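Trainee: The lines below spell out each chain.
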Amino acid sequence: MSLIIDNLTVKLYTNFKKKEFFNVADSVSFSIQNGEIISVVGESGSGKSFLGLSLMRLNPPYISEISSGSILISDTDGFEKIDIVKLKENQLSDVRGRLISMIFQDPNVSLNPVIKIGDQIIEAILAHKKMKKKDASDVAIHYLELMRIDGKARFNSYPHELSGGMRQRVMIAMAMVLEPVVLVADEPTTALDVKTSLQVLALIEKMRFEKNVSVLFITHDLSIARNISDKTIVFYAGQIMEYGTTEDIINSPLHPYSISLTKSVPALSKDYAPRERLFVIPGSLSQSDFKSEKCRFYNRCFKRSKDCLNEIPLLKLSSERFARCVNIQ
Amino acid sequence: MNTGKKPEVLNINKLSKYYLSYGSLFNFKRNIIKAVDNVSFKVYKGDIFSIVGETGCGKSTLSKLILGLTNRTSGEIFYKGNILNYNLKKLNLRKKIQIVFQDPYSSLNPKKKIYKIVSLPAIKNKIIKKKDALQYSMQMLKNVGLDEDYVFKFPHELSGGQRQRISIARSLSVNPELLVLDEPVSALDVSVSAQILNLLLDLHEKNNLTYVFITHDLRLVRHMADTVCVMYGGKIMEISPVDKFFDGPLHPYSKVLLESILAYGPKNILQFADAGNININNININAGTGKNRRGCVYYNLCSRRMDKCINNEPDLKENGDVQVNCFFP
Ligand SMILES: Nc1ncnc2c1ncn2[C@@H]1O[C@H](COP(=O)(O)OP(=O)(O)OP(=O)(O)O)[C@@H](O)[C@H]1O
Ligand SMILES: Nc1ncnc2c1ncn2[C@@H]1O[C@H](COP(=O)(O)OP(=O)(O)O)[C@@H](O)[C@H]1O
Ligand code: SF4
Ligand SMILES: [Mg+2]
Ligand SMILES: [Mg+2]
Numbered sequence: 002m003s004l005i006i007d008n009l010t011v012k013l014y015t016n017f018k019k020k021e022f023f024n025v026a027d028s029v030s031f032s033i034q035n036g037e038i039i040s041v042v043g044e045s046g047s048g049k050s051f052l053g054l055s056l057m058r059l060n061p062p063y064i065s066e067i068s069s070g071s072i073l074i075s076d077t078d079g080f081e082k083i084d085i086v087k088l089k090e091n092q093l094s095d096v097r098g099r100l101i102s103m104i105f106q107d108p109n110v111s112l113n114p115v116i117k118i119g120d121q122i123i124e125a126i127l128a129h130k131k132m133k134k135k136d137a138s139d140v141a142i143h144y145l146e147l148m149r150i151d152g153k154a155r156f157n158s159y160p161h162e163l164s165g166g167m168r169q170r171v172m173i174a175m176a177m178v179l180e181p182v183v184l185v186a187d188e189p190t191t192a193l194d195v196k197t198s199l200q201v202l203a204l205i206e207k208m209r210f211e212k213n214v215s216v217l218f219i220t221h222d223l224s225i226a227r228n229i230s231d232k233t234i235v236f237y238a239g240q241i242m243e244y245g246t247t248e249d250i251i252n253s254p255l256h257p258y259s260i261s262l263t264k265s266v267p268a269l270s271k272d273y274a275p276r277e278r279l280f281v282i283p284g285s286l287s288q289s290d291f292k293s294e295k296c297r298f299y300n301r302c303f304k305r306s307k308d309c310l311n312e313i314p315l316l317k318l319s320s321e322r323f324a325r326c327v328n329i330q
Numbered sequence: 611m612n613t614g615k616k617p618e619v620l621n622i623n624k625l626s627k628y629y630l631s632y633g634s635l636f637n638f639k640r641n642i643i644k645a646v647d648n649v650s651f652k653v654y655k656g657d658i659f660s661i662v663g664e665t666g667c668g669k670s671t672l673s674k675l676i677l678g679l680t681n682r683t684s685g686e687i688f689y690k691g692n693i694l695n696y697n698l699k700k701l702n703l704r705k706k707i708q709i710v711f712q713d714p715y716s717s718l719n720p721k722k723k724i725y726k727i728v729s730l731p732a733i734k735n736k737i738i739k740k741k742d743a744l745q746y747s748m749q750m751l752k753n754v755g756l757d758e759d760y761v762f763k764f765p766h767e768l769s770g771g772q773r774q775r776i777s778i779a780r781s782l783s784v785n786p787e788l789l790v791l792d793e794p795v796s797a798l799d800v801s802v803s804a805q806i807l808n809l810l811l812d813l814h815e816k817n818n819l820t821y822v823f824i825t826h827d828l829r830l831v832r833h834m835a836d837t838v839c840v841m842y843g844g845k846i847m848e849i850s851p852v853d854k855f856f857d858g859p860l861h862p863y864s865k866v867l868l869e870s871i872l873a874y875g876p877k878n879i880l881q882f883a884d885a886g887n888i889n890i891n892n893i894n895i896n897a898g899t900g901k902n903r904r905g906c907v908y909y910n911l912c913s914r915r916m917d918k919c920i921n922n923e924p925d926l927k928e929n930g931d932v933q934v935n936c937f938f939p
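Sequence lines, in order, name chains R and Z.
Heads up: the first sequence begins at 2 in my numbering, then just goes up one per residue.
Heads up: the second sequence begins at 611 in my numbering, then just goes up one per residue.
Treat the hints with care, as some may be off.
Claimed, not checked - Only pairs whose alpha carbons sit at most 25 Å apart, straight line, appear in this in silico BS3-like list of lysine-lysine:
id	chain 1	residue 1	chain 2	residue 2
1	R	196	Z	865
2	Z	927	Z	655
3	Z	877	R	207
As the list claims (entries may be wrong) - Where chain R lies over chain Z, by a calculated footprint (3+ residues, C-beta under 8 Å):
id	region
4	829-839
5	906-914
The set of hints was computed from the structure by calculation and includes no laboratory data.
These figures come from a predicted structure and were not determined experimentally.
We put the CB at the ideal spot given by N, CA and C, even for glycine.
One chain only, chain R, in its complex shape (with noise of 0.2 Å):
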């Protein structure tokens, strides 16, 4: 295992000073192996990207905090063994980029628009290894090469410089420049069209295969969870609604949540007709869900009954299969 979540709970506060607060994420518990991908999916404000931040103590300072449970890293040889949630904000840097790295929906965010980005994976490599800035900078144009980008062409190239597509594939070279044992991928594809989201895909994909790299892929799309990922999570305000390997949880969802989710949308399922009229799940996700003390989905279900109005437990179905409802058979 190179990432082992135990129980891990993040506070978000609504109102600091009355100390109000909502668990963004609640109790969350899951492990990924060494070159294991897995895909988180569910609708926007479920609470995926503040799981992803969460996990590099990147959530936001002062709003949340992690409250309880542990985010357990280990390096491929199994020496180290690392809590994140015990480090101190000044072990931190040492573990980001070496052990654990993020990638973002946004490039801007982690590329500087004014540093050509030769320099910006140099400085990356630098922060953590010594060595010979020349030495380096052949690591970088090797990681350029690997994201299919003309490394020596292109070293010199300012972010704006380059497409959507590129930009992304210098963030992942930037990210695994490294070899960091797990990625976390916050949406990387979701501003792209499909032949270029399909690249990206595949990229991270032959980081996989290739440097053995665990990664969290975080999408709200579940084509593309069943694209890239061996297993999935289903997410639905601050829990884990579902988990079990992808084909699975796309051919054969149990909680209603999945289920609606693979209705929503046209040509996943087999005997498919045009312009059937999609399921629409009713209403919508609202920040008080995550504080309901029913089933966080009973408001929307279509399955609900009076057990449902109790805090629900994520059910062990088998080995590799969990589901957090009380009406599955």
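Model the placement of chain Z with the ligands on the given structure of chain R, informed by the hints.
Mentor: Here is chain Z with the ligands on its own, set in the frame of chain R:
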């Protein structure tokens, strides 16, 4: 399904739009971008005509041309046999064609209340009097499944899906016959997108509307459209009935697009690592998207290319009920 019996609504004839641009900040050499290049097609009454293609292929430019929101470089647009000339401010023709944009945030005036936004085109086109604006807007909101009370709200008080309904209501307020939908759901969450797609299909059936549906998602094409038109580099590559297209398209570029949505699973996706990357050593400046090209726009990425394609440009040719822009379909 253009059996020829349906009356023709839109006839685009050899339409082009060139932009002049400057290569970069320090490069003052002017460059011509052929955003839409010699494009011809017909749309028949009651059809959903979809246009697909990757980012920058000219889809939005084409929609702006149809709406007269930008000047054309050459070519003609006929609406029901009448030539469209927006310079003459022929409002009675213009109101029959309306557009819905991708971004429901920027396309509504933030300072105006909903009823003013929705009724403005109807007042301008003298369909209603100003004093009836409120009543009329309430009716329009009902048509798109929104509560009448929303007329007094401002755009920022609404969710993305509600705003998209408002833009649809605004477009419908002048009783158009042709609706141009430029990526109407790509900025929306799955459940909201399902609602909007259902609404568009309902309105299409109820009001016998004709749609030009622009998207980069082939799954939506299959779900919504009668006819698909594939664009690349400002040109049309293929126009085909949708069912035929999904049985096997003729143009090599269409094949790549279709394969990309069928590529399921981590191993299959690896093949796309080089998608969209042009091998610099193999590039031919006489063909491709370069400004002085003589040959086919798709040459540099094409799997079927021959010497003939370098110096000769193919034309859209009929091949049964399919039109293909390729020497070797
Ligand atoms: N106002 C403009 N000035 C100069 N070039 C432009 C302008 N608008 C568009 N272009 C260029 O024209 C080409 C086609 O752009 P267009 O916006 O039509 O693409 P699109 O197919 O709608 O892409 P997307 O899927 O990203 O919306 C692109 O190369 C673009 O950079
Ligand atoms: N910077 C922030 N400040 C306060 N609340 C936030 C912030 N970012 C996100 N939230 C809230 O946290 C919840 C989860 O958001 P997020 O993790 O961004 O969801 P997702 O990535 O699944 O769309 C939402 O209710 C959102 O409104
Ligand atoms: S526990 Fe009840 S409300 Fe929750 S998902 Fe299951 S059936 Fe629906
Ligand atoms: Mg997010
Ligand atoms: Mg566009």
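Trainee: Hints the structure violates: just list their numbers, smallest first.
Mentor: 5
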